[in-house]
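Last residue of the sequence shown? That's 478 in full-length UniProt numbering, and every number before it is there in order.
Quick caveat, the hints were computed from the structure, so don't treat them as lab data.
Each residue gets a CB set at the ideal place from its N, CA and C atoms; glycine is no exception.
Don't take each hint at face value.
Said to hold, decoys possible - Within a straight-line C-alpha distance of at most 25 angstroms, the following computed SDA-like cross-link-like pairs (lysine to any residue) qualify: (1) Lys-211 x Ala-348; (2) Lys-345 x Asn-66; (3) Lys-345 x Val-76; (4) Lys-211 x Gly-281; (5) Lys-211 x Lys-345; (6) Lys-211 x Leu-148; (7) Lys-211 x Ala-81; (8) Lys-211 x Leu-90.
Claimed, not checked - Listed next, with one range per pair, are the computed distances between beta-carbon atoms: (9) Trp-233 x Gly-393: 26 to 34 angstroms; (10) Pro-468 x Ala-295: 56 to 64 angstroms; (11) Leu-373 x Leu-466: 39 to 47 angstroms; (12) Ala-320 x Leu-373: 47 to 55 angstroms.
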Amino acid sequence: MAEPSSAQSRGVDPAPVSQPARPGSPLRAAIPLPRASSSTRRFLATEAGSALFLLGAALVALVWANVPGWASYESVWSTVASIRIGDLGLSLDLRHWVNDAGMAIFFLVVGLEINREMSIGDLRSIRSIAAPALGALGGLALPAVLYLLIAGGGPGVAGWGIPISTDTAFIVGVLALFGPRCPDRLRLFLLTLAIVDDVGAIAVLGLFYTKHVSVTALVIALALVVALGVLRWLRVWRLGPYVAVGIALWLAVSASGVHPTLAGVLVGLMVPSRSTQSAPGERIRFYARALIERADPTRARLAVSAARSVVPVNDRLQEALHPISAYVVVPIFGLANAGVHLSGKTLANAVTSQITIGIVVALVVGKTVGITLGATAALRTGLGTLPGGVRYGHLISGAVLAGIGFTISLFITDLAFDSSELRDQAKIGVLVGSLLAAVLGSVLVRYLGERLPMCTPEDETVIPPLPPRPWLDPSAAT
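Sequences are here, hints too, so could you generate the full structure?
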């Protein structure tokens, strides 16, 4: 039997544990397996790790599409894969499995984040979200206008939605890698901006990039959304019913002609973000005591269920799906969509292409000016405030970073153009514009972060008063 700790031997409760160790007894014989160091695991848990995975996948795609045998890139991603049960089945090529099914997980995680922030997070207060929200609206509108001014008169008019979105993974990853010391408040501002930006991009995706609609399938999808609302109203805490309805909703939205990734957003917005249990601690203690009294499979299962029931469905889904989205889905999406064969003809066309130029200008100039003007309008009118320590210089540098429009920009490119030539021109514009925004934004964030430090108290004017004299040593008091 293990000896009690010194705290337990004195009858004192041990200090709370922030992250308990894995349960279970150690093995009699352990097989040494390669494990990442603690610093590596901490890095992979940040947005910087996710951004580097995505960047690596995009670079692999570009190399693959430009080495001898480059035609294999398109042939692999054009391979058809099917899921079939009897006469019913679904057939898509590998790229569309990634774009339609895999990216539904990405948008589900986005929906979960929006849902949580609106319920219990930083999006509850109007003043705290006004500046990033109006900045996001400016960053959605002005890039579209600039693109249409440059490329709206030709076959590229359908691509106006390509430069409107900001890539959350890249922008926060760059901030983590190259940002100033104490970047938390700037990160909060940019995350709030990116969430509102995602909402606008998703709305554009559903409203303007849907080519045909099946009313019957839409009615079924609406009924399934109502079913999600009923599950939430009934305070269902198990994941199974939400997952089952979510899969059915994805199939219905796919059949309707609306892009099926919107199903992921709807599920994310509908699941509960608060615990459905009124006295979670008492429930866990009851089932834990029952398990301690007699350890059998039934009581163990009930104790595990009791523990799961006190954690909101939103949090459990995010915990399960965020790593899959960040380290599997999004990198594979970059691998499947970022490959462009950069032949002399393709580059020559891109240099003079209104589509390429329009996207680059919209991402680098449109995003910067649009976000800055929108946020400034909120600040000047008193509708919103900047988080403590964030100044106009940080705002402008963050606006430049927001021109990194990789994931959703490539996603809309695939929907906007049927011509492979126009798609290649748009992809080159996205890659060049995002690279310019990343480099310029990183330099500005680093430079201004050193000149305008954010490692200061949120309110530097409030200084606690000194106690009245005489000042005595408390330990010497009798």
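Outcome of the hint check:
no., hint, verdict
1, Lys-211 x Ala-348, "31 angstroms, violated"
2, Lys-345 x Asn-66, "13 angstroms, holds"
3, Lys-345 x Val-76, "23 angstroms, holds"
4, Lys-211 x Gly-281, "51 angstroms, violated"
5, Lys-211 x Lys-345, "31 angstroms, violated"
6, Lys-211 x Leu-148, "20 angstroms, holds"
7, Lys-211 x Ala-81, "23 angstroms, holds"
8, Lys-211 x Leu-90, "19 angstroms, holds"
9, Trp-233 x Gly-393: 26 to 34 angstroms, "47 angstroms, violated"
10, Pro-468 x Ala-295: 56 to 64 angstroms, "60 angstroms, holds"
11, Leu-373 x Leu-466: 39 to 47 angstroms, "46 angstroms, holds"
12, Ala-320 x Leu-373: 47 to 55 angstroms, "40 angstroms, violated"
The earlier numbered hints that this structure contradicts are 1, 4, 5, 9, 12.
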